[in-house]
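S.K.: What follows is each chain in one-letter form.
Protein chains: 8
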Amino acid sequence: MDEQRLKDLLARVQAGTAPIDQAVAELRQLPFADLGFAMVDHHRAIRQGVPEVILGQGKTGAQIVAIAKELARTGQNVLVTRIEPEKATELVEAMPDVRHNAAARTCTLEKAPIPRLGDAKVALVSAGTSDLPVAEECAETMRMLGIEHERVFDVGVAGIHRLLHRRPLLEDAGVVIVIAGMEGALASVVGGLVDVPVIAVPTSVGYGASFNGLAATLGMLTSCASGITVCNIDNGFGAAFAAGRILRARKKAAK
Amino acid sequence: MDEQRLKDLLARVQAGTAPIDQAVAELRQLPFADLGFAMVDHHRAIRQGVPEVILGQGKTGAQIVAIAKELARTGQNVLVTRIEPEKATELVEAMPDVRHNAAARTCTLEKAPIPRLGDAKVALVSAGTSDLPVAEECAETMRMLGIEHERVFDVGVAGIHRLLHRRPLLEDAGVVIVIAGMEGALASVVGGLVDVPVIAVPTSVGYGASFNGLAATLGMLTSCASGITVCNIDNGFGAAFAAGRILRARKKAAK
Amino acid sequence: MDEQRLKDLLARVQAGTAPIDQAVAELRQLPFADLGFAMVDHHRAIRQGVPEVILGQGKTGAQIVAIAKELARTGQNVLVTRIEPEKATELVEAMPDVRHNAAARTCTLEKAPIPRLGDAKVALVSAGTSDLPVAEECAETMRMLGIEHERVFDVGVAGIHRLLHRRPLLEDAGVVIVIAGMEGALASVVGGLVDVPVIAVPTSVGYGASFNGLAATLGMLTSCASGITVCNIDNGFGAAFAAGRILRARKKAAK
Amino acid sequence: MDEQRLKDLLARVQAGTAPIDQAVAELRQLPFADLGFAMVDHHRAIRQGVPEVILGQGKTGAQIVAIAKELARTGQNVLVTRIEPEKATELVEAMPDVRHNAAARTCTLEKAPIPRLGDAKVALVSAGTSDLPVAEECAETMRMLGIEHERVFDVGVAGIHRLLHRRPLLEDAGVVIVIAGMEGALASVVGGLVDVPVIAVPTSVGYGASFNGLAATLGMLTSCASGITVCNIDNGFGAAFAAGRILRARKKAAK
Amino acid sequence: MDEQRLKDLLARVQAGTAPIDQAVAELRQLPFADLGFAMVDHHRAIRQGVPEVILGQGKTGAQIVAIAKELARTGQNVLVTRIEPEKATELVEAMPDVRHNAAARTCTLEKAPIPRLGDAKVALVSAGTSDLPVAEECAETMRMLGIEHERVFDVGVAGIHRLLHRRPLLEDAGVVIVIAGMEGALASVVGGLVDVPVIAVPTSVGYGASFNGLAATLGMLTSCASGITVCNIDNGFGAAFAAGRILRARKKAAK
Amino acid sequence: MDEQRLKDLLARVQAGTAPIDQAVAELRQLPFADLGFAMVDHHRAIRQGVPEVILGQGKTGAQIVAIAKELARTGQNVLVTRIEPEKATELVEAMPDVRHNAAARTCTLEKAPIPRLGDAKVALVSAGTSDLPVAEECAETMRMLGIEHERVFDVGVAGIHRLLHRRPLLEDAGVVIVIAGMEGALASVVGGLVDVPVIAVPTSVGYGASFNGLAATLGMLTSCASGITVCNIDNGFGAAFAAGRILRARKKAAK
Amino acid sequence: MDEQRLKDLLARVQAGTAPIDQAVAELRQLPFADLGFAMVDHHRAIRQGVPEVILGQGKTGAQIVAIAKELARTGQNVLVTRIEPEKATELVEAMPDVRHNAAARTCTLEKAPIPRLGDAKVALVSAGTSDLPVAEECAETMRMLGIEHERVFDVGVAGIHRLLHRRPLLEDAGVVIVIAGMEGALASVVGGLVDVPVIAVPTSVGYGASFNGLAATLGMLTSCASGITVCNIDNGFGAAFAAGRILRARKKAAK
Amino acid sequence: MDEQRLKDLLARVQAGTAPIDQAVAELRQLPFADLGFAMVDHHRAIRQGVPEVILGQGKTGAQIVAIAKELARTGQNVLVTRIEPEKATELVEAMPDVRHNAAARTCTLEKAPIPRLGDAKVALVSAGTSDLPVAEECAETMRMLGIEHERVFDVGVAGIHRLLHRRPLLEDAGVVIVIAGMEGALASVVGGLVDVPVIAVPTSVGYGASFNGLAATLGMLTSCASGITVCNIDNGFGAAFAAGRILRARKKAAK
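Residue numbers (the numbering used here), protein chains in the order written: chain S, 1 to 255; chain D, 1 to 255; chain G, 1 to 255; chain Z, 1 to 255; chain X, 1 to 255; chain W, 1 to 255; chain A, 1 to 255; chain Y, 1 to 255.
What the hints contain is simulated information worked out from the structure, not anything from laboratory work. If you're wondering where the values come from, they're calculated on a predicted model, not measured in any experiment. No residue lacks a Cβ here, since even glycine has one placed at the ideal position from N, Cα and C.
As a list, the in silico PhoX-like pairs of lysine-lysine whose alpha-carbon atoms are at most 20 Å apart:
id	chain 1	residue 1	chain 2	residue 2
1	G	251	G	121
2	A	69	A	111
3	W	251	X	252
4	Z	252	G	251
5	X	121	X	251
6	S	251	D	121
7	D	121	S	252
8	A	121	A	251
9	W	252	X	121
10	D	121	D	251
11	W	69	W	111
12	W	251	W	121
13	Z	251	Z	121
14	W	252	W	121
15	G	252	Z	121
16	X	251	W	251
17	X	252	W	121
18	Y	121	A	251
19	W	252	X	252
20	Y	252	A	252
21	X	69	X	111
22	X	121	W	251
23	Y	251	A	121
Away from chain D, derived, C-beta distances all over 12 Å, residues of chain G:
id	residue
24	75
25	98
26	99
Looking at chain S on its own, in the form it has when it is part of the complex (with noise of 0.2 Å):
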């Protein structure tokens, strides 16, 4: 159900040829299509303007697919994100057009075209090669929410030299999504060269006191860098929805 429909239903009740009661009963049940174990939210492409995301980790591939197929089912795109490489195979063969993207550990499904999010470039900054897994989570969502980003990566502050290099390019960018695992530094080295918003993303990559991130997260929650903000630990997905709101406000902003 898409916003048109909606609009369409509320002038039938303006135009009186809806009476209230049947209104509020069709916009009740639309959207809510209850598969028994998941409640697929078609009202929230209305109210985010951006598709159905699905979570694969914690579910059955089972689920996933029936999850996926009831989307396709009304027309939307679909984003699976870290989803484990069997349940991919099994969505991939239940659903042949869904394109699975290892490394990004992500499933997408491309039913409408993505139309361009504003015209901002988003900076993709990353510290090691290590850190990949997340950036390719991070490009493979702003795919699909139409942000056109440019990477950096392998730009660690032990070799400082390599990044302000690249400064130009962080300057010119909308927003700037910096990933970095162990210490985190690479946060706050960019928050103080450039002035855009800049989203930081702990990863997990590191062993013994980074704590599966824990030092990362605290790192970029305390840097002496000013106004910068923090996702999850190896949220790449969250960065990419973070800068996808800036855009989209923006973007309304500009009309």
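Based on these hints, arrange chains D, G, Z, X, W, A and Y on the given structure of chain S.
M.R.: Just chains D, G, Z, X, W, A and Y, lined up with the frame of chain S:
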């Protein structure tokens, strides 16, 4: 030293009236007014478009006065955060133009008019009365950054209807800042209601298992609402600054 | 040994047909059927009104089988929780009447009919599909305790309207059990909506800063909604049992 | 605004003497008496059957006075928890009818008679003398909620016979609240002795590895006694409120 | 090298038949049979009265075999703890006299008869069937140390009468070892019942908020029963060893 | 009520001069002198052989005085631990025979002579001067328990020769208590030097990563020296009490 | 590109044969051989005097091979750390000159001779056999850095005489590296024995309260021996690298 | 007692003028001047080449005075760290030659001239003004150890150009000490810029998620720059001492 002065210097270099060595020397010395204990960074105004901010915590009153005076000498606006009452008194006595906001724990000095940062408003949402000091710090920082904002206070999730009542205001905002302690659930609910950027600030409000804001921080980082980003505990300043990054990039893009 | 047998014994004492020493001896030996590694407590059915529950985790398949057989021998109903698939298979092979619920990770055996525990219903609310195993364990335990319940699944706070839609059902419940992972905010919202008893179960669903359920646990303990009580992480069994305590006391009082 | 006034308003709607728009407006404005820093929620009394509770911690004396006065103005009973002595003095001076209980850290105001909440008693069990402030807060909250209760103090598990001595009282209670610090083992022992609802409150009593109540909290959450539920550390108020939820539902069902 | 051999050497020194330099050299080389990766310490038997113990965890099978052979070569008894099944198999194949106890995760070799360590018994109390591996490790260590012990299993505090039933045995013991997971409350209850030495061993049994034994550890350290001492999580070996220290000192004193 | 009085009562039962009902009643009432806020347990002296100990922390001065007076009334010796100076003054003023030891934070009252507990000595070893308050509490407790002890102070592992110098004394002790903060390594070194019982007390001495004694606690629990047992942080009382358990059992056995 | 090539380039600039723009371009392109997923930094050899190190953990086998080949192509020595066996096999198959050290979890490639780094020796001290993998990684790194070292293995503090026996060797070392798990006390003892630089490496050896090396880390950070510095858990590589920094600065100074 | 006195004693032994027994006795008594609560260790000056350091924290003023006097009596230099102002006043009053540095929280006494420790300089780098107390403690310790140093203050990573500006100074240093709070990223950036030894000191500067220095500690331990070593939180003394170890070994080697 403002941006114009930098451009003038570079123009002289281009025109040949300033040899490169001399220009380098001028640049290198200008930004660092060495006070013995702190390099006041006049460059930052150029790099980030905002005046120097002084973190009051951990500095002596004498140090704060010295830094503030050095900044004022060059005509910059000053914001001191997390300043204890006695140090604020000491500062106001030394610099009578300084304004102390006790609730916000800030001192401010406006040497220059503050231009409005874009035309979007920020919605400043807080869960309870006990969160007010953090909200005030946030509001005071926004005032110094030229960000217009509207307050939506005391809308904790335990009385969800209060929040729903204010939804239109939230949806029209350019950025929503959510300040909440205890379990911090307000950020998730707001994040699900609107599709604009949401910046969450956990507070140390609560006791026992809130562990000085840890509960709210973990809760906001793991929010089930997508694309929420998080600041440090009690960091109202940081949230305002992050909103400033978003609005500034938007303003720059709008030109 | 059920309550009747206990009363019969005491009546014989009163009537003088059983000397005190003999009664003491009978009492002392009866409840402890010593299996070498576990004292199966037939008294508990008397003390708590429910059959013995076997925590499958940490026991070998052989141990589970032995305990279950001992219980069945005395005519009691059996509930095994947190049982791995292989051990469940081992148990079902040894005791073909046992029913394995893989989603709930439980095995059950009904030797006696299960009387309904009072006339109130429990509303079993869960935030997402990934919380289903915990919800299933909870439902299966309620079934064994004779508690009628209704499921309200997939109503996470990021889509608050889904939950509001189900408010009447929640208000009519005798107890509401809320099962949620990530930040666990659902408990706060439900707690604010209804004034019936709310039992919150944090789950280990989530990743990164959820720290295996710690985020949800701290969030639920520090909930801004008053009078919510909390169970251990993933402890669907415990929530059902706590609901049973409430309903049993209510039933006893209604007599 | 009490329930009767709400029903009257709805009756007028039904009778046609109040147009829907006007009724909506009346409803919307009534519950929110905007004090600038806190929306006093007169609706809560309708929704949850209890008066507004003011968490004293983190509020200034002036804020507490203002909220309490607004509540008193509408004839409601008031309970202030976790209030420091000076603020209590400030409140009592401003509102001489207010009663300060220093041991409980509460202030109360009875504008209306408090009806007894059902006919069951709550057993309030605490482990040691140092737990008294939390027990007092719990008792004072129960008094304001109309809950009859009996105290069983100083029955720590290190002297188990003291507790066993009181078992009949515990078994007859409608709810047992167990308040204990250090390792919090009392909750497990009580939970094993009785089959009524058991609400456990960990306290910050102890030192060293008690980590301000963390030890007791983890202990109670992982109790080997089934169906115990847990409140926040030192949250005597919350336990009383949870007992109130149980007794209210029971009373409602008994009608 | 046993104590006799040491005394013989020193006697030769006293008698003048061994020059000091030579004696020093003999002493220095004897105790260290350098295997390249581990100095097997034959002195320890002298210093502590017990044979060398090999912590299996973290060592390769080949390393365990080499150390065990070196020890056996000098006629010492050997105890290997925390050994995985495959490595145990490897050891038994290399040294057929070695006895593997799978439940205890130990391997033992008796080259010399084990004298009984004093005439007191140790009571080995455990809370649940899942604690058995730790209890077995403890029992196996006691066997190797010559400590007589009696088992009191499955006496969790949720069924306190089972424990009270066994009180005479506990009071007669020279030492009571209490092994419990989850909240570990058993240690407090036992500590309150008896006045003999109580050694508490927290186990990793439990899930969720037990955090792999942290809950039980904190609980035992902060026990309200006075004079309980605590071992590392799952350290059945350590508890037996500590009991051995007590009994050995007692035996020595009795001479 | 001492052991003799108990035996007398039972003799009267046996002799038939005291009916069972009356004996039960006498037993039940005697041990509990209900003060309103604390059940003073006269039974404990029978059960554990030591007088009642009052944990001063968390009690008001008035409560401490009341409990101490009740104990003194029955002729028992009293030990108050962790008592603040002002409360100690209050106690001494109310009961002039009470002796305050400021360094140990204890108050003691000797109503009856303290018999020596066995003939073994305890070696009380501490790492640094800052650990003295804990060591003093331990020493004062041992004095009240009749335990003879010798102090070995300021022998931190950073100067290992100081400790080696005192080895003979340690080897001759019946129990060694090791009190150390920071990393707590002293316990491991002592545990490796001697084969008598070693009780380790972590202290909160240190700063930064000592996290108020957590570092020492974890270090002592995971000590590479076998059979060391650990008390709560700063719990000098507990260590003395544990030593008392060892010596009492030994004395009882020696009879 | 080695230091000589850099100096040649700058000489050409000075001589005027290389215009500044061209020099800048040459410099900027040379160090970054962009592989798509990792910027191999040939500059580092110039900046830090050591070859590129590849952290194997978190990289795919293909990524490791690609980076290693790129490095080898420019004639540099390569060290891969924390590489799993299968990836090591993949690397060795792709580059047969690579040498795999399974115990150390490293792969190395010597394209150029390794000059000895100064004339001091490093003493590599480890507490137990289980620490060997970390010690091996450390030793292998030292070999690649040209650092001569001597091993002192299996000298845990529970048998302090073993360590004292090796004191002369420690005192003669240029640097002492101490590798220890469990409570990590060895670092304190060594730090007290010698006055040369001591680098402590906590390991994850241990179980229970060692919390994967946290106990040892906190213990080493709070060591009572002055001037000990600490590396990440299990970071044998880092300790070797830190020793390299010390020896390199010393060698440079000696020139 | 200095090294010369030791050598003189041994020479007398060699010459036969001091019997071995007498020499042993002299040695054993000399180093330990037993003050009752602290063994002042005159041997340490011999073992570690530095005077005794008194940790002021946790000692009474009287204890500090007594230890300092005993040290002064033997002609040693004294450094007291972490001393509160009142205790410092007490010390200065008792020993007027003592110099109190309030910013550094140290007291020092120079009884003997302090020889320069080698010819290298230490660069003392700190991130912000709030880190000054730790930096001062470090500087004061270096002064007492004879270490020449240069300060590079207020060069946080959020303004990376300030740091790059000082790179030559860092590269010429014999050791770089980096003192930083919040996220502690400065250590990583410095570690990537230079190849000399880098000692990182996390500080407790910051709030919220800095958790009193935990964030910086974890960040520095997991730094992506290789070979950085870390001291305890706020331990400026320890960093200076560690630098002293490096410079002393270097000086010894240069002879």
